[in-house]
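Could you build the full structure based on these sequences and the hints that come with them?
Here the protein sequences come in this chain order: A and B.
Under the working numbering, the first residue of the first sequence is numbered 2, with each subsequent residue one higher.
Under the working numbering, the first residue of the second sequence is numbered 19, with each subsequent residue one higher.
Any given hint might turn out to be false.
Computed beta-carbon distance windows for the label pairs [to be verified]:
1. B:277 to A:442: 55 to 63 Å
2. A:379 to B:148: 46 to 54 Å
3. A:431 to B:359: 24 to 32 Å
4. B:279 to A:188: 49 to 57 Å
5. A:403 to B:359: 20 to 28 Å
6. A:310 to B:359: 33 to 41 Å
7. A:356 to B:403: 53 to 61 Å
Here are the simulated DMTMM-like pairs of lysine to aspartate or glutamate, each with C-alpha atoms no more than 20 Å apart in a straight line [said to hold, decoys possible]:
8. B:442 to A:271
9. B:442 to A:308
10. A:309 to B:402
Incomplete in silico selection of chain B near chain A, CB under 8 Å [stated by the list, open to error]:
11. 261
12. 399
13. 400
14. 408
15. 409
16. 430
17. 440
18. 441
Calculated from the structure, these hints are not laboratory results.
Backbone N, C-alpha and C define an ideal beta-carbon position, used for all residues, glycine too.
Next come the chains, spelled out residue by residue.
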Amino acid sequence: MNKYFLGVDLGSTTSKSVIINENDEIIGRGITNTRSNYSIAAEIARDEAIYNGRFSVLKKKLEAEIKAKPQYKKYINDLESVFQYEQFKVRLDKLGDELLKTCKTFFKDKEMQDSIINHLRNIRKSFKPVIKKEYIYNNLGSKNQFFRDIVSEKYNEEVNKLDSSLFEPLMTVWDKSISPAENQLITFDFKELLEKAMEELRIKYKNLPDTVADNTSVNFDAELNLLKGNFDQVSETLRKHIEEIADLEFNIANMTGTGYGRALLPFAQECIRSEILCHAFGAHAIFPNTRTVLDIGGQDTKAIQVDKYGLVTSFQMNDRCAAGCGRYLGYIADEMSISLNELGPMALKAEEEVTICSTCTVFAGAELRELTNIGKKREDILGGLHKAIIMRAMSLISRSGGVFNEFTFTGGVARNPAVIKYLTQLVTDNYGDNIKINIHADSIFMGALGGAMFAKRNIKADLPDLKKRKELVTE
Amino acid sequence: MKTEQQEVIKEKSMLIQKDMLSNLFKELSNTHQTGKKVVYTFVPGNLTELILAFDMLPVYPEINALQSGMRKKSASYIREAEKIGFSEDVCTYVKCDIGMMLNGNVGPTGEKLPPPDLLLLSYTGCFTFMKWFENLARLYPGVPVAMLHTPYQEDGCITQDQIDYMVKQLKEEVIPKMEMVSGKKFDMERLSKMMINSAESEDLLVKILETAKNKPSPIDAYFAGVYYIGPMFTAFRGTDEAVGYYTELNNEIQERLSLGLGPITPEGELKEEKFRLVVEGPPNWTNFREFWKIFYDMGAVIVASSYTKVGGVYDLGFRHDYREPLESLSKYCMGCYTNMNLPQRVNLLADYVKDYRADGFLINSIKSCNSFSAGQLMIMREIEQKMEVPVGFIESDLVDPRYFSYSNIKNRLESFFQMLEQRKVIMAHEN
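Shown next as structure tokens:
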């Protein structure tokens, strides 16, 4: 039987999990936003990694066929997107139940209650097809894995279209319902959802227009055309394999928990590791020549020096203040009323970065308003803010001993293109252009990957004072 | 996070120490009856023998501050000092001390401390000390101030010129003021006799500290070092009681050593020594027990530390010498840890890592201490490169509880200990 190893990185903002096989290959990735209930977040991240893992196993199994027939790969990728939509639907129903429950307890007046429930139904009716289309045609699941973000964006849009007197009650019921809905641990019936997804996919391809002419919202490409032409044949050929992976048992041989919330993970204590070690180990595994690691997460910035084994020799972390981390960007995005994903691309358009004197999150917000009022361009302000983040990180790196070749950048913030731009600039300015800078598409998963690799190596933390706790995964 | 308060396990030496200290504070509270004169002075470069040779009593504001920190009184004292305008960044020993004085000068034992008859600034290597005493001079108008300017070991050595300069200050500035305040004539012979006791205590102290070279170490040379091994030294060095105390302590520790026992912690003996560390920088006092607990819970023993050398680096060979009392007081002042230049400190710490067979090196950086913080990152890098041991860096403060973040420190220390553990595993595998 195949053996798998799980790493869970419970960060302050997001919880990530990675499953690797015995060859250290990443088989599954799962991510969710961290909630007040850490074990739920960890379990959701783990389940997501297992679902993702099943699709990876399928692709791996059919590696040769996929190479020969790109339509197979397209089918499997599309199926995973639709599967994610099916998961989304289940959670959306839970949210619906919660909203209804809240309305019934919160509004004493029957008329008011009915009116709000009616509005909620209409809102759902309007946004559900929009989200469905995003999942099915534009692979929303791979872009945004956070239920709360996806649904709240659309909900807000719909509420804003309504009379302003409805804003308050609709937002109140929302605020009271979203967390309970999100915090429910849902056991998805993988097989059932997969069946539904296959049917949904069939409908999608049946209804696809033959030509690109009138439908610009669909990205036509070679693979899609190939699949459309052979849909039934592909679907039939793959069915057997798909059914097999639906029944696949994931034998998690060992696991490691890490991250900010690791102490609260319901893991056996010997399975808990420091995130410093995990990030370094993960980064070193992907880029074996790594000597310096910078990790910018939700509330921590870590500068880590590692040796040739991937072992940490020293590290520095921000103390007392978390300005310049992921949450800081989140706050700025809120202040500017744009989404977090738009920040980086907008900052890239800066022509002349404004100097931001303060890297205190709250003060930066005030500074931003002030600069906007005196007519500075948003792009230039954002450019300055991104640069300020990196300046702060550079000082932490200096404290840890400087940048050594190769330099690997990890953490959620490594997805931001403007951060990468300024980091590259400042590393080159300060340490010369002989430093190879590594950034991996999976940078946000580095801690979880390092954790999974520790689990595989079974290197025990072996801390004597710590009591054993209930194990989370016993499969 | 609250730790459960258990009964602290104490050795005989600790009980003797307690008696000696409470007697000193009692004596201090009785000066209005006994007429004994009181000298406020500092731990680094202290002139204890000289003070005692005039039958005066020493008061160490730093020790009062750290005691107030341990007894959870420092927060309100610091607030008092900030109320009258001391900035957030000022050394918290200073603010705690000033706050205590503003609050009626009730010492750590609950007894009122007498005002100073002499302010003896015996060490100028810390610039803050000068400012501290300027403030004390204003708080106690009319009290004479004696300042002993201590040349820094910029070139890494103590020269004859420097010794002469110090002796001249002792003769012309310090001793005349002491004679004036105490009303007694300086007695060189008495001072010289005390130095025989000093050297004996110093031999014993070094013997005790060096037991940490053994595996397992019978002592913790940082937490226990500052808690019961070192402090007696400052106030009592040169007395028969000090020799008695260190003889008892040495017997205790030699016995632990011969039985193969680990260090004593507030929760009893440490059963398994897992990590041996060298620590640079002062400890945190407001959460001393919690802080120590993180270490002993992980099986970490500090085998050598720099803070216990602030009162003298006797393991480098210096002893007070009865044949040249004033010269040796001068050498002593200039030889304390904080008066050594940075390369000297690096060499000392590197030797500690080697001689005490340490697995790692850790710095506790103190937010409000310029004296210690300057150069710490350089020291850390040098040790990392020179000795090839994992290094760690944590931050807290002396006596301001606002700057002790239990979870931050625990998080970093956990990572550090895991680094050490992992290195052991991998290195064992590689070899």
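Verification of the hints:
Taking 55 to 63 Å as the suggested C-beta distance range, the pair residue 277 of chain B and residue 442 of chain A conforms, at roughly 59 Å. For residue 379 of chain A and residue 148 of chain B, the Cβ-Cβ distance of about 51 Å falls inside the hinted range of 46 to 54 Å, so the restraint holds. Judged by the Cβ atoms, the range 24 to 32 Å given for residue 431 of chain A and residue 359 of chain B holds: they are separated by roughly 28 Å. For the hinted restraint 49 to 57 Å between residue 279 of chain B and residue 188 of chain A, the CB-CB distance of approximately 54 Å keeps it satisfied.
In this structure the hint that residue 403 of chain A and residue 359 of chain B lie 20 to 28 Å apart at CB holds, the actual value being about 24 Å. Checked against the hint of 33 to 41 Å, the C-beta distance between residue 310 of chain A and residue 359 of chain B comes to roughly 35 Å, which is consistent with it. Against the hinted window of 53 to 61 Å, the Cβ-Cβ separation of residue 356 of chain A and residue 403 of chain B comes to about 35 Å, which falls outside the hint. Proposed proximity of residue 442 of chain B and residue 271 of chain A is supported: the alpha carbons are some 17 Å apart, at most 20 Å.
The hinted pair formed by residue 442 of chain B and residue 308 of chain A meets the criterion: a straight-line CA distance of about 14 Å does not exceed 20 Å. Between residue 309 of chain A and residue 402 of chain B the CA atoms are separated by roughly 15 Å; this keeps the pair inside 20 Å, and the hint holds. Residue-level restraint check for residue 261 of chain B is violated (minimum Cβ-Cβ distance to chain A is 39 Å; threshold 8 Å). Residue-level restraint check for residue 399 of chain B holds (minimum Cβ-Cβ distance to chain A is 6 Å; threshold 8 Å).
Among the interface hints, the one on residue 400 of chain B is violated; its C-beta lies about 11 Å from the nearest C-beta in chain A, farther than the 8 Å criterion. Interface restraint check for residue 408 of chain B: the shortest CB-CB distance to chain A comes to about 6 Å, inside 8 Å, so the restraint holds. Given the 8 Å rule on beta carbons, the hint for residue 409 of chain B holds: about 5 Å separates it from the nearest Cβ of chain A. With its C-beta approaching chain A no nearer than about 6 Å, residue 430 of chain B sits inside the 8 Å limit, and its interface hint holds.
Taking 8 Å as the C-beta contact cut-off toward chain A, the hint placing residue 440 of chain B at the interface holds, the least distance being around 6 Å. A distance limit of 8 Å between C-beta atoms decides the matter here; for residue 441 of chain B the minimum to chain A is near 6 Å, and the interface restraint holds.
Hint check: violations occur at hints 7, 11 and 13; the rest are consistent with the structure.
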